[in-house]
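Given these sequences and hints, build the entire structure.
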Amino acid sequence: MKWIASLSIVSTLLFVAGCSNHQADDGKVELELFSNKAENIGTYQKLIERFEAEHDDISINLYAPPDAETLLRTRLVKDDMPDMLAIGGSAIYAELSQAGILVDYSGDPMLNGIQDAYLSMISELEGPEQTGIHGVPFAANANTVIYNKQKLDELNLEVPKTWDDFIYALETAQSAGEIPIYFTFQDAWTTMPVWNSISGVLQPEQFATKKTEGALTFAQTHQEATGKLLTLLDYGHDRMYGIGYDDGNRAFAQGEGLFYFQGNWAVPEILTTNPDMDLGVFAMPTTNELEENKLVSGVDVLFSTLKDSEHPDEAAAFIEFMLEEEQSEQYMAEQAAFSVLDGVLSDDPYMSGIRDDFAEGSITSFPDHFYPPGMGVENMVQEFMYRKNADDFLNRLDREWDQIQLRF
Amino acid sequence: MKSRQRTFLLMTIPALVLFFFFHTFPLLQGVFYSFTNWRGYGEWDFVGFSNYLNVFQDMRAWSAYGFTFQFAIVSTILVNIFALLIALGLNAKIKFQKTLRAVYFLPNILSILIVGYIFQFIFTLFLPQIADFLGINALATNILGSPDYAWIGVVIMAVWQATAFNVILYLAGLQTVSEDVYEAAAIDGARPWRRFWSITFPMIAPFFTINMVLALKNFLMVFDHIIALTGGGPGYATESISVLIFRGGFEGSQFGYQSANAVIYFIVIVAISIFQLRVLQKREVQQ
Chain Z
21 MKWIASLSIV
31 STLLFVAGCS
41 NHQADDGKVE
51 LELFSNKAEN
61 IGTYQKLIER
71 FEAEHDDISI
81 NLYAPPDAET
91 LLRTRLVKDD
101 MPDMLAIGGS
111 AIYAELSQAG
121 ILVDYSGDPM
131 LNGIQDAYLS
141 MISELEGPEQ
151 TGIHGVPFAA
161 NANTVIYNKQ
171 KLDELNLEVP
181 KTWDDFIYAL
191 ETAQSAGEIP
201 IYFTFQDAWT
211 TMPVWNSISG
221 VLQPEQFATK
231 KTEGALTFAQ
241 THQEATGKLL
251 TLLDYGHDRM
261 YGIGYDDGNR
271 AFAQGEGLFY
281 FQGNWAVPEI
291 LTTNPDMDLG
301 VFAMPTTNEL
311 EENKLVSGVD
321 VLFSTLKDSE
331 HPDEAAAFIE
341 FMLEEEQSEQ
351 YMAEQAAFSV
361 LDGVLSDDPY
371 MSGIRDDFAE
381 GSITSFPDHF
391 YPPGMGVENM
401 VQEFMYRKNA
411 DDFLNRLDRE
421 WDQIQLRF
Chain X
2 MKSRQRTFLL
12 MTIPALVLFF
22 FFHTFPLLQG
32 VFYSFTNWRG
42 YGEWDFVGFS
52 NYLNVFQDMR
62 AWSAYGFTFQ
72 FAIVSTILVN
82 IFALLIALGL
92 NAKIKFQKTL
102 RAVYFLPNIL
112 SILIVGYIFQ
122 FIFTLFLPQI
132 ADFLGINALA
142 TNILGSPDYA
152 WIGVVIMAVW
162 QATAFNVILY
172 LAGLQTVSED
182 VYEAAAIDGA
192 RPWRRFWSIT
202 FPMIAPFFTI
212 NMVLALKNFL
222 MVFDHIIALT
232 GGGPGYATES
242 ISVLIFRGGF
252 EGSQFGYQSA
262 NAVIYFIVIV
272 AISIFQLRVL
282 QKREVQQ
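First to last, the sequence lines map onto chains Z and X.
Number 207 in my numbering belongs to position 187 of the first sequence; there are no gaps in the numbering.
Number 17 in my numbering belongs to position 16 of the second sequence; there are no gaps in the numbering.
The hints are simulated quantities; they were obtained by calculation from the structure and are not laboratory data.
Some clues are possibly wrong.
Unchecked claim - Ranges between beta-carbon positions, derived for each pair:
id: 1; chain 1: X; residue 1: 111; chain 2: Z; residue 2: 95; range: 29 to 37 angstroms
id: 2; chain 1: Z; residue 1: 372; chain 2: X; residue 2: 123; range: 37 to 45 angstroms
id: 3; chain 1: Z; residue 1: 257; chain 2: X; residue 2: 197; range: 47 to 55 angstroms
id: 4; chain 1: Z; residue 1: 97; chain 2: X; residue 2: 111; range: 27 to 35 angstroms
id: 5; chain 1: Z; residue 1: 288; chain 2: X; residue 2: 111; range: 31 to 39 angstroms
id: 6; chain 1: Z; residue 1: 95; chain 2: X; residue 2: 98; range: 45 to 53 angstroms
id: 7; chain 1: Z; residue 1: 407; chain 2: X; residue 2: 136; range: 25 to 33 angstroms
id: 8; chain 1: X; residue 1: 268; chain 2: Z; residue 2: 185; range: 57 to 65 angstroms
id: 9; chain 1: X; residue 1: 111; chain 2: Z; residue 2: 140; range: 44 to 52 angstroms
id: 10; chain 1: Z; residue 1: 65; chain 2: X; residue 2: 86; range: 52 to 60 angstroms
id: 11; chain 1: X; residue 1: 24; chain 2: Z; residue 2: 95; range: 19 to 27 angstroms
id: 12; chain 1: X; residue 1: 30; chain 2: Z; residue 2: 376; range: 52 to 60 angstroms
Glycine included, every Cβ here is placed at the ideal spot set by N, Cα and C.
Here it is, written out as structure tokens:
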């Protein structure tokens, strides 16, 4: 009988979702909040409940479907947009802000206190043709190397600070019979953490803009990055091309591999499998110059309101509520995320390895957030990991990028 | 008679209107947008045939065409071989005939997505474990992780799922063959192999035609299989044209451009279907 119960729950949910755009009968203002993350639904729901308790005239419907970005684009085509968005500071944000459908927050006091690094990332995403900040950054993520502390100790190694240290650690692990890096290449996107770590540090400033203008190419600027990736591939394992995100998290949690390339978002997942695991994170030391090695970090969640929303004041009230210290802290703690506010540092013990990077502002943005959407760079990176032909790969990136420009 | 004709006309018109509004009209809209640079929202301009010209220079589109045809041809042949064999078996006088027919029809009831996720589990975890256990190193890795062999995984799953439907059509065909012809053939001393090639196969030729056309058309439009198994990867190795159109159109906001791709593909499928019908119908026996 269990399945009947779950079936009826699902259909009720579908019914509720279908009704979400209507004004409730009791005079409450209903706002639809569209989120593109599945990991934080539980946290949002708790915070929304608290908000609704404080504001009894507003009710918020959270809508966080799978494959949210594609769905959001189809809703854009149908001109059926929600009131509020909670999306990442990536290509989808760039597109929506360029479409001119989001509220401009520049000059809004809500932006005070947010680290400049994140505000400039957001404004760079707006593209060369417009200015403004069409979203309020809330949480940041980081692209890290996750490591098994116990294994690192057993191998008598320190957390590597330079590229040479890192290679030395890999050599040591390999000769001790450990898997040095637990790569996961079955999903295209899981090849991106390692690509982002390396190319994020090595690519020239404003690469995407210059590439679009035709001033630079991948072939000219990414040779060192592909060389380093090829080096790292020697320290993988036999089954790396057949393992995806979930299987990789599980295997790493069960003690396979010394290093694991994933963002901070994978840490709670790994800890679900093995709550006692002793793990840490650090920023990939891509070069031998300490100052050049930066943590790749981006805006994971920003809140924005649609210009067409009928209830802009209520939406603003919700965003202000989320930015308050209590809510913000609860979110960061539950999601192992980082606040974008100046001077608010995570005290999560698992994240202590990248605390200094945040404190010093030694941060650079995710390169792939600036690639044209629909180009499928992750698939090309995945293919490169398999074929290992750097010239083909870089030329293909250049060609696809140029071709996409012809389509608009 | 006049009023009867009018009744029939009234019965067909609603379907025609619905078909026009929900099928023909969107199709025409797609053709219209294929001449624009529309992103799916916002402003757009006419760009003439430039989308069409760009499709021909798009390496990703070429590789999608390559994969789709390779996949569709291999799967169509395999599905028809297996379906015919199973149908012959199920048509013979065997025990549990009805139960077996039901069992062989089961895959067709299951959703392709669910079958896809189950096969993904098999390829990722189950097969490598068995191969490890038996010491066959060549099979110990996930074939879905290799750009060279991932398409075989998709073929295996697609054939497993699609055979059931064609079995039904072949069974229907086999039942139209009258027992008398077989008896006559037996009296003339024809052996089973001869009986199959000279009687059974020619008699069910119309069913062979329809099965080939339907299977090829369905496989050329392959979408769910890819989404569930590989997502188009590794690289672009298993990206079919439908997946490319969906990806580029909605994830990449290239609505106008991918409409052009879709129009080209529509023409290709229509052309192939007509060609197939012509060629295969020629060799059908006139009954």
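Structure versus earlier hints, numbers of those that do not hold, lowest first: Of the numbered hints, all hold.
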